[in-house]
Amino acid sequence: MKYLIIVSLFVSSLCFSQGNNLKSQKVSFNVKGVCEMCKDRIENGTLKLKGVKYVKWDIISNNISLIYNSKKIKLDDIHKEISLLGHSTDKYTAPTEIYNNLPDCCLYETLSIH
Amino acid sequence: MNKILFLITFFLVSNLLSQELISGKVTYINESNIESNLEGVSVYWEDLSYGATSNVNGNYSIPFSASSNKLIFKFIGFKEDIVEIGDNKKYNHLMVVDNSQLDEVVVNKRKKTIQKSYFKTQNIINVSSDELLKAACCNISESFETNPSIDVSYSNAVTGVKQVKMLGLESPYLLITEENIPMIRGASQVYGLSFIPGTWVESMQITKGSGSVVNGFESISGQINVELKKPYSDNPLSVNVYSSNMGRNEINIHGNKKFNDKLSSGIYLHVNKNSSINDNNNDGFLDQPTSKAFNLFNRWQYINPEKGTVSFLGVRYMKDDKVIGENTKDMAFIRAPWKGGINTSRFDSNFKFGYVNTSIPYQSLGLQMAFSKHDQNSFFGSRNYNINQNSFYSNIIYNSIIGNTLNKIKLGLNYSYDDFDELVDVKNNFFTRIDKSIGGFFEYSYDSMDAISLVAGIRYDIHNNLGSFFTPRFHMRYQPYEKSVIRLSLGSGRKASNIFSENQNIFATGREIKINNNLGKFYGLDPEKAFNYGISLRQGFFINNREGDITFDYYVTDFDNQVIVDWETQGELSFYNLNGKSFSKSLQIDLEYQILDNVLFKSTFKNYDVKKQYNSGFKQNPLTPKNRFFTNIEASTDENENGSKWKFDFTYNWIGNQRLPSHTSLIDFKGSSPSYSLVNSQITRVFSNKFEIYIGGENIGGYTQKNPVLGGYPFGTDFDTSLIYAPIHGALFYVGLRFNN
Chain E
2 MKYLIIVSLF
12 VSSLCFSQGN
22 NLKSQKVSFN
32 VKGVCEMCKD
42 RIENGTLKLK
52 GVKYVKWDII
62 SNNISLIYNS
72 KKIKLDDIHK
82 EISLLGHSTD
92 KYTAPTEIYN
102 NLPDCCLYET
112 LSIH
Chain L
12 MNKILFLITF
22 FLVSNLLSQE
32 LISGKVTYIN
42 ESNIESNLEG
52 VSVYWEDLSY
62 GATSNVNGNY
72 SIPFSASSNK
82 LIFKFIGFKE
92 DIVEIGDNKK
102 YNHLMVVDNS
112 QLDEVVVNKR
122 KKTIQKSYFK
132 TQNIINVSSD
142 ELLKAACCNI
152 SESFETNPSI
162 DVSYSNAVTG
172 VKQVKMLGLE
182 SPYLLITEEN
192 IPMIRGASQV
202 YGLSFIPGTW
212 VESMQITKGS
222 GSVVNGFESI
232 SGQINVELKK
242 PYSDNPLSVN
252 VYSSNMGRNE
262 INIHGNKKFN
272 DKLSSGIYLH
282 VNKNSSINDN
292 NNDGFLDQPT
302 SKAFNLFNRW
312 QYINPEKGTV
322 SFLGVRYMKD
332 DKVIGENTKD
342 MAFIRAPWKG
352 GINTSRFDSN
362 FKFGYVNTSI
372 PYQSLGLQMA
382 FSKHDQNSFF
392 GSRNYNINQN
402 SFYSNIIYNS
412 IIGNTLNKIK
422 LGLNYSYDDF
432 DELVDVKNNF
442 FTRIDKSIGG
452 FFEYSYDSMD
462 AISLVAGIRY
472 DIHNNLGSFF
482 TPRFHMRYQP
492 YEKSVIRLSL
502 GSGRKASNIF
512 SENQNIFATG
522 REIKINNNLG
532 KFYGLDPEKA
542 FNYGISLRQG
552 FFINNREGDI
562 TFDYYVTDFD
572 NQVIVDWETQ
582 GELSFYNLNG
592 KSFSKSLQID
602 LEYQILDNVL
612 FKSTFKNYDV
622 KKQYNSGFKQ
632 NPLTPKNRFF
642 TNIEASTDEN
652 ENGSKWKFDF
662 TYNWIGNQRL
672 PSHTSLIDFK
682 GSSPSYSLVN
692 SQITRVFSNK
702 FEIYIGGENI
712 GGYTQKNPVL
722 GGYPFGTDFD
732 TSLIYAPIHG
742 ALFYVGLRFN
752 N
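Each protein sequence line maps, in turn, to chains E and L. Letter by letter, the first sequence follows residues 2 to 115 of this note's numbering. Letter by letter, the second sequence follows residues 12 to 752 of this note's numbering.
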């Protein structure tokens with residue numbers, strides 16, 4: 002029946018997206034940054050990585066929480082890629098030349114001296 | 012096509028005017044109580060478009076943001092400040108040392124009452140409650156008078172009801188929802204908007220063109236969503252009192268209570284009464300009905316952030332009684348007077364539940380259920396019209412992502428049930444109908460701050476009377492430059508035409524009502540179906556260091572099938588299905604400019620081309636102005652420390668010629684009404700954040716239609732109160748107060 006098509010479509014896509022969650026890993030670690038601009042850079046940059054599903058970076062704690070698909074990307078690679086955005090993580094320090102090109106308000110090393 | 016090319020060219024040229032800087036100095040009070048420069052402060056727009064750091068001298072400078080007027084100042088050891096920047100090119104900021112005893116310093120410059128977003132994919136205009144205050148009376152249909160996207164006009168000379176139109180089409184072609192539950196439909200189509208008191212409204216979202224698939228297949232020219240006040244965030248007590256020289260008195264009282272940090276409840280009461288007899292045009296008929304109404308709403312809100320749940324429960328009852336017709340008080344009648352009455356009662360209840368998965372924050376589930384019972388008993392002269400509608404609506408929406416949070420999906424189900432019982436004084440005068448539908452929808456959106464975003468949705472509905480069908484909707488936004496946005500939209504919509512309840516102005520006439528039955532499911536007629544597509548271009552600019560923008564909207568609605576309401580023959584009114592072409596093309600050009608710090612200027616030109624195939628030929632829609640012009644100026648004085656200020660608002664409307672259906676009493680007009688102007692104005696004295704008094708006038712010039720009631724003898728076939736092109740009553744003045752605690 003027609004009604005069944007609608008309901009089964011709905012239920013099966015629910016199951017599909019729930020099943021997807023099983024492969025999802027949730028982690029959080031430290032990423033250095035100062036301002037809302039950093040937040041934008043970190044979140045957008047990380048979200049562009051294949052396998053990363055969800056990112057949230059907190060300014061005050063410098064804590065990033067993310068959900069990613071462990072079959073598509075390794076945690077170590079996420080750390081590395083974030084450091085290449087100019088923001089040092091627990092595992093990788095940002096290369097100096099990339100760091101130096103950050104917008105003024107994102108220079109966490111110099112700003113934290115204050 | 013030439014029109015569009017012209018618009019695009021203009022759009023690109025005007026882009027050259029953008030890109031301006033805001034600059035200033037950041038200071039703080041040092042230990043020796045001297046104001047000193049502060050170095051190293053992060054200054055950035057809330058939308059993160061630009062940011063900078065203050066230098067040794069405390070100076071900063073950054074480009075203006077396209078989408079944000081909130082500038083954030085942040086520095087370790089100091090309070091974070093968010094400042095709303097109006098049009099100032101210079102802004103100096105004093106930082107306050109972070110000390111928990113000090114209150115957070117939030118400087119509010121000015122906030123626009125109508126906001127158009129650069130980032131939303133759909134063409135949505137948000138109307139805040141401040142904008143609603145500009146038209147103090149009384150309900151939301153009247154509040155659109157200061158809003159150029161929606162046209163408000165009287166639908167007839169006796170009921171005092173105002174009708175709203177968007178893109179040249181009447182309100183039945185709009186989907187009007189209350190907190191995303193379809194609300195003003197079926198039996199409540201004509202009077203429904205006037206049953207929502209303006210003070211209950213928190214904000215409104217007006218979507219031009221076909222909206223999202225989530226709320227159903229019914230929207231054709233646009234959607235209006237009304238968000239009501241929420242007990243958790245509304246003031247504990249608010250009182251609004253209103254009185255006009257036409258004898259209308261109104262009281263609104265809101266009380267809200269938070270029982271704990273999770274549970275809160277609010278009671279909203281609205282009462283209005285109009286007992287004075289007004290017949291300023293001396294046609295023997297009341298210009299406005301005498302009426303009394305009350306409306307009571309109790310809602311409960313439960314939020315639990317730890318578990319990620321929020322729910323609402325609401326119950327509402329309203330009753331509205333109107334007496335219309337001839338003024339029997341001062342006249343001696345040698346015949347029975349033409350009188351009428353419209354008595355409506357309505358019960359509503361709704362339940363909403365939302366759940367956000369706190370460990371997977373991009374997944375959420377929403378459930379909505381609403382039940383309503385609407386009863387209208389009315390008579391117009393010797394005609395009766397009664398309608399009862401019981402309605403149940405429910406939907407369930409699941410939100411998630413594909414891949415990452417830039418790609419969002421919504422999917423869900425709707426179920427709706429409506430049963431109608433109508434008594435109409437035409438042949439076969441009892442109509443009963445049950446509409447049942449179940450639908451599934453899927454919407455994908457690509458949502459980023461980048462240049463392109465889109466929303467694509469499709470739904471499939473199975474309806475007992477409309478059949479089974481797909482409804483596709485597509486929206487796209489392209490932002491080639493910071494202050495330039497192009498939006499496209501495309502979609503289809505369908506609806507069952509409730510011909511009597513949507514066209515109640517047919518009853519206050521002597522016309523013989525005819526239905527050209529072609530064995531359709533709705534009064535013998537087939538349902539309506541239309542495609543809507545449009546383009547919107549918006550360009551922001553800075554002239555003289557002040558912000559402004561210009562918007563071009565061009566939308567087309569093409570009807571595949573329509574129920575034609577034919578007023579063309581005197582003494583007759585016919586309903587029949589479209590046989591030929593019917594379209595509505597609307598062009599709207601908006602200009603908005605901050606003239607001075609406290610003065611905002613808005614101006615709009617609209618051109619409508621609404622034509623359809625009548626049995627008597629292909630004609631322009633009657634009583635629809637081809638051209639309209641609108642100007643609004645709002646101004647305020649600077650706010651004093653205690654929050655006191657003056658606010659001024661001025662609206663000018665010019666309404667162009669309208670085609671009039673032929674009627675012997677209108678023969679002098681030669682088929683077209685004269686153009687005219689309307690002026691509304693309001694002055695508000697704000698004494699403090701808690702108390703204000705307002706005074707205002709509507710139609711201050713007092714322009715009225717000379718002969719709104721046509722055809723001498725009110726029980727004859729030539730009698731007509733519905734060929735209305737201008738206001739019925741003259742200048743209206745009002746005074747009122749607002750108290751918030």
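These aren't lab readings, by the way, just hints derived from the structure by calculation. For every residue, glycine included, the Cβ atom is placed at its ideal position computed from N, Cα and C. Hints may contain errors.
A partial selection of chain E residues facing chain L, derived with a Cβ cut-off under 8 angstroms [stated by the list, open to error]:
hint: 1; residue: E37
hint: 2; residue: L76
hint: 3; residue: K92
hint: 4; residue: Y93
hint: 5; residue: Y100
hint: 6; residue: P104
hint: 7; residue: Y109
Computed list of chain E residues with no C-beta within reach of chain L, every gap over 12 angstroms [as the list claims (entries may be wrong)]:
hint: 8; residue: D41
hint: 9; residue: S62
hint: 10; residue: K75
hint: 11; residue: D78
hint: 12; residue: E98
hint: 13; residue: I99
Below, simulated EDC-like cross-link-like pairs (lysine to aspartate or glutamate); rule was C-alpha separation at most 20 angstroms, straight line [unchecked claim]:
hint: 14; chain 1: E; residue 1: K57; chain 2: L; residue 2: D461
hint: 15; chain 1: L; residue 1: K90; chain 2: E; residue 2: E37
hint: 16; chain 1: L; residue 1: K363; chain 2: L; residue 2: D386
hint: 17; chain 1: L; residue 1: K131; chain 2: L; residue 2: D272
hint: 18; chain 1: L; residue 1: K36; chain 2: E; residue 2: D105
Quiz item: Which of the listed hints are broken here?
Solution: 2, 3, 4, 5, 7, 8, 16 and 17
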